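**Student:** Here is how the chains run, residue by residue.
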Amino acid sequence: MYLTDEEKRMLNGEYGEGTAIAMKVQVGIGEAFGAKRMLEISRAHVALSNQEADLWFVEKLVNAGAYCSVPPTVNPGFDLEYFQKITNVSEEEVTMMKRTREAYKKIGAILTYDCTPYLGSNIPRMGEIIAFSESSATPYVNSVWGARSNREASQSALCAAVTGKVPEYGFLLDENRYGNILVEVQAEIKNEYDYQLLGFTGKKIGHGVPVFTGLPDKISPEELMNLGAQLNTAGAFSMFHILGFTPEAPDLETAFGGKKPERKVVITREDLNEIGEYFMPHGGKVDFALLGCPFLTINQVGKIVAILKGERFRVDTYILVNSLTKELAEKMGYLKVIENAGGHLVKDTCMDQPPFWNNMKGKFGITESPKCAFYSRRRGINYAVLELQECIKTAIKGVI
Amino acid sequence: MKEYEFSCHRISEGKATGKVLISSDDINFYMVDPEEGEVVEKKHSLEGEKVASKILVFPGGKGSSVVQADGLYQLSMKGNKPKAMIIKNPDTVLVTSAIIMEIPLVDKVDDKFYDYIAKGDTVTVDADQEKIIIYKNIE
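Each protein sequence line maps, in turn, to chains A and B.
With my numbering applied, the first sequence closes on residue 400, and no number is skipped along the way.
With my numbering applied, the second sequence closes on residue 1139, and no number is skipped along the way.
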């Protein structure tokens, strides 16, 4: 692939060994996908995970002197100080979280610890070339904002943040952004929960770029977030279109780039019910509630507070949000209502982290998120997935 | 001993020789036990097989960015990573993981390769020279 003089100097180590490692990875990716050149990025988001490979790679870059030329926002680990107050955190887990924080600080990341950067801290404009990892983030920035990102690995996004460049391939190019699957939604889609279920039809939709028709005129940010997050749990989707709603799909002609769809998929209420049942293994006594995968917004926290009305949670209830939402919740009096009910409003924390693996193993929880339920099975935690408001009512009753 | 040579396309540099293991399914390395290098994913075409030190032939990767890299990392730390990988469908996550874990990875292999190759064959993957050699014992 063609490299500018500056890019060659990066590769040759003139900008330091760390930049050279990052550039080498990116040239490798570019050559693998037949990229002709590099493009400059203006934003990045790294799916920090506080897991072994994540820490190993960021420390490797830091030790080689790398520093981000485009400061990336990052995903959550867990709120160490909060969990040390309410539960036991092993020395090993404390060390790991501290090292992860330190390494990302040293490399120049913006420590947002937020899996929903596309709703606040890192919003691209239409057509902007960016490098986003995190499965709910990539479809949102491509589909809703019309920015251009490949479905980056956390490590490739970090390399892009260091070099400020990405190889030009995949979803950076017009021809790959057009839809190729027509998804006719016959089921009436009424609320956030329906978008969770619709996203999980990703397996039926299959590989490609879906164009959804039959959705309501108004779709909220939370609904769009749910759709993308669940599509990328059921399958691998860098982008989707919603006819007459997302920027690159004003009409069918434009959405499909003048071509005919390769196939048509019909989604019925039965399809959605089937997914709903899959995530509803059984009823009975509930051990805990875990909400916010992806993080809940301040509007969703407001809905929770409206239901609580002085009631108390009968089970341990964790509501995961970003640090701004937690601050707002405090100012708006929501935090007090949740804490008075015995619940936890937790910032900077992913549901796929040690405090939950350790304490919830073998237990039966409720969540609003199929993604949370799906990934937790490998950790031996079972969930029933309910609508957000139902989760709160059930957490108050303690039983489904 | 007879040698058969095929062209390929380099994704991740390096050269390695070893016994081949062939998967008809995509692979998520998080579903491989790092201690034994054994595939533990239920109903996977390689369930119960060991990927350690093998030349691994498979269609492509699957799974989120975090788990794929973490899976290969843990295999590397235990000395159980594959020696080289031959794939059909590259994705950013697998490509990145192979490059940073320094495992030779190639794609775009001559179709005939898939007719010749059989489990247990010894193979050399030379990503740098963009060639693959199968060694067959002729009896």
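These aren't lab readings, by the way, just hints derived from the structure by calculation.
Everything numeric in this text was worked out from a predicted model, so none of it was measured.
Wrong hints could be hidden among the right ones.
A partial selection of chain B residues facing chain A, derived with a Cβ cut-off under 7 Å [what the hints assert, rightly or not]:
1. C1008
2. I1011
3. G1014
4. S1064
5. V1066
6. D1070
7. P1090
8. T1092
9. V1093
10. V1095
11. T1096
12. I1099
13. I1133
Restricting the straight-line Cα-Cα distance to at most 30 Å, the calculated cross-link-like pairs of lysine-lysine (BS3-like) are [claimed, not checked]:
14. K1112(B) x K8(A)
15. K1088(B) x K203(A)
16. K361(A) x K1002(B)
17. K1131(B) x K1042(B)
18. K36(A) x K1119(B)
19. K24(A) x K1078(B)
20. K85(A) x K24(A)
21. K1043(B) x K260(A)
22. K264(A) x K203(A)
23. K85(A) x K397(A)
24. K309(A) x K285(A)
25. K1112(B) x K1078(B)
26. K203(A) x K1043(B)
27. K1019(B) x K24(A)
We put the beta carbon where it would ideally sit given N, CA and C, even for glycine.
**Student:** It remains to establish, for every hint, whether it holds in the given structure.
**Tutor:** Structure-based check of all given hints:
no. : hint                : result
1   : C1008               : violated (12 Å)
2   : I1011               : holds (4 Å)
3   : G1014               : violated (11 Å)
4   : S1064               : holds (6 Å)
5   : V1066               : holds (4 Å)
6   : D1070               : holds (4 Å)
7   : P1090               : holds (5 Å)
8   : T1092               : holds (6 Å)
9   : V1093               : holds (4 Å)
10  : V1095               : holds (5 Å)
11  : T1096               : holds (4 Å)
12  : I1099               : holds (4 Å)
13  : I1133               : violated (22 Å)
14  : K1112(B) x K8(A)    : violated (37 Å)
15  : K1088(B) x K203(A)  : holds (21 Å)
16  : K361(A) x K1002(B)  : violated (54 Å)
17  : K1131(B) x K1042(B) : violated (33 Å)
18  : K36(A) x K1119(B)   : violated (37 Å)
19  : K24(A) x K1078(B)   : holds (25 Å)
20  : K85(A) x K24(A)     : violated (43 Å)
21  : K1043(B) x K260(A)  : violated (36 Å)
22  : K264(A) x K203(A)   : holds (14 Å)
23  : K85(A) x K397(A)    : holds (26 Å)
24  : K309(A) x K285(A)   : holds (23 Å)
25  : K1112(B) x K1078(B) : violated (34 Å)
26  : K203(A) x K1043(B)  : holds (17 Å)
27  : K1019(B) x K24(A)   : holds (29 Å)
When the structure is compared with the earlier hints, violations turn up for hints 1, 3, 13, 14, 16, 17, 18, 20, 21, 25 and for no others.
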